[in-house]
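Chain residues, written in single-letter form:
Protein chains: 2
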Amino acid sequence: MSSPEIDALTQALARLPGLGPRSARRAVLHLLQRRDTALTPLLRALESVNANMVHCSVCGNVDTVDPCGVCSDPRRDARALCVVEDVADLWALDKSRLFPGRFHVLGGRLSALDGVRPEDLSIAALIQRVAAGGIDEVVLAMNATLEGQTTAHYIAERLESYPIRLTQLAHGVPVGGELDYLDEGTLAQALRARRPIG
Amino acid sequence: MSSPEIDALTQALARLPGLGPRSARRAVLHLLQRRDTALTPLLRALESVNANMVHCSVCGNVDTVDPCGVCSDPRRDARALCVVEDVADLWALDKSRLFPGRFHVLGGRLSALDGVRPEDLSIAALIQRVAAGGIDEVVLAMNATLEGQTTAHYIAERLESYPIRLTQLAHGVPVGGELDYLDEGTLAQALRARRPIG
Ligand SMILES: [Zn+2]
Ligand SMILES: [Zn+2]
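So the protein sequences, as listed, match chains A and B. If you count by UniProt numbering, then the first sequence holds residues 1 to 198, one letter each, in order. If you count by UniProt numbering, then the second sequence holds residues 1 to 198, one letter each, in order.
Note that these hints are calculated values from the structure, not bench results. The beta carbon of each residue, even a glycine, is placed where N, CA and C say it ideally should be. Keep in mind that the hints are not guaranteed to be accurate.
[Stated by the list, open to error] Simulated DEER-style distance windows between Cβ atoms:
#1 B:P17 with A:P163: 50 to 60 Å
#2 B:A51 with A:S72: 33 to 43 Å
#3 B:E178 with A:R117: 47 to 57 Å
#4 A:A124 with B:E178: 53 to 63 Å
#5 B:G133 with A:A51: 52 to 62 Å
#6 B:A14 with A:A188: 22 to 32 Å
#7 B:D183 with A:Q11: 14 to 24 Å
#8 B:G20 with A:G185: 13 to 23 Å
#9 B:P21 with A:N52: 19 to 29 Å
#10 A:T37 with B:E119: 17 to 27 Å
#11 B:D183 with A:D136: 54 to 64 Å
#12 B:E184 with A:P118: 46 to 56 Å
Bound conformation, chain A alone (with noise of 0.2 Å):
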């Protein structure tokens, strides 16, 4: 019996993940009851990210500036390049404070299933920052999966002719397993332990 706004509002946030229908509307029910403390501030944050949200023109990575964060901290080590397949990967090696280095976001793997072609991920991208130079080290960090590594056994052949060091994770991520599920230890694991390349 609620009003076509509400349900709407509802099938929104039934669509995050971890948010299901029902505790949709138990979410629903706490914006509306807490309106200046719950529904005010999440509406501004959104509106706030929605009007500032950009890709990083460096790294491909969401942020409200940009170079986004990561590519402007100068704490970074902008010798080493982590490349990872999307947004999500990033943000799970970024909080997980394992990697000093700087990263660069795919887009997605290459997938014959789904008909993803190199030119369909930053690739070349990728490897206009390797020629640039500076760079020593490129970790190959994609998921453990049949197009995670077919993808990275391409962009290893492509880099094959520069001079810095290719490594990729160490498996420890279990096979068929998506990186930004893992756990912080797991993800440490495999960093610790990557290893050269071809």
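Position chain B with the ligands against the provided structure of chain A, taking the given hints into account.
Using the frame of chain A, we list chain B with the ligands on its own:
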């Protein structure tokens, strides 16, 4: 390494019931990566609800129209009135479709500890609705807590001079239980076995 805007959004989402800091971060990523299909719809839905939300002047429900959808639904039995502590309880009972009548939201429960007195709840408005006539049965659907039952007894006394059938939910409701956390089966049982008061 997130921007203040993104942090604010993460924190606003983390305060929703059912989402913690970790799932809020995942939800933010989901929103950032699906601007058109997730972020914008959620933002529009929140704006719309924020702009239109209103407390029903009849029953105290929260909706985007006044009187609310429940009060203005002609298929509902206007002779049966279910009194609940808060809007969450109304929604739980309404969603179960077990009660064919209308509602009255008290806006809390009597509490010596929290200093909640009868005049802090919409008890006077309830008595006015009953005094206006046309109501055959009032179901007191307070939580099965000490304060909920104290509130029910207080209201029962205030309503005892009116020619109505006064009932309360059967104690299928677990003692100490909060109404809006119950499954529908328990709610159904409690409502089916409701019994006269006093
Ligand atoms: Zn960046
Ligand atoms: Zn109403």
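Right, here's what the structure says about each hint:
The hinted range of 50 to 60 Å is satisfied by P17 of chain B and P163 of chain A, whose Cβ atoms lie roughly 54 Å apart. One distance hint, 33 to 43 Å for the beta-carbon pair A51 of chain B and S72 of chain A, holds here, with the actual separation near 37 Å. Distance hint check: the CB atoms of E178 of chain B and R117 of chain A are about 54 Å apart, consistent with the given range 47 to 57 Å. At roughly 57 Å, the beta-carbon separation of A124 of chain A and E178 of chain B lies within the given 53 to 63 Å, and the hint holds.
Evaluation of the 52 to 62 Å hint for G133 of chain B and A51 of chain A yields a pass: the beta carbon distance comes to about 54 Å. Take A14 of chain B and A188 of chain A: their Cβ atoms lie about 24 Å apart, and the range 22 to 32 Å holds. A beta carbon spacing of about 22 Å between D183 of chain B and Q11 of chain A agrees with the range 14 to 24 Å that was offered as a hint. Taking the beta carbon of each, G20 of chain B and G185 of chain A are about 19 Å apart, inside 13 to 23 Å as hinted.
Taken as a hint, the range 19 to 29 Å holds for the pair P21 of chain B and N52 of chain A, whose Cβ atoms sit roughly 22 Å apart. With their beta carbons about 24 Å apart, T37 of chain A and E119 of chain B fall inside the hinted range of 17 to 27 Å. At roughly 59 Å, the beta carbons of D183 of chain B and D136 of chain A sit within the given window of 54 to 64 Å. Taken as a hint, the range 46 to 56 Å holds for the pair E184 of chain B and P118 of chain A, whose Cβ atoms sit roughly 53 Å apart.
Every hint, counting from the list given before, is met by this structure.
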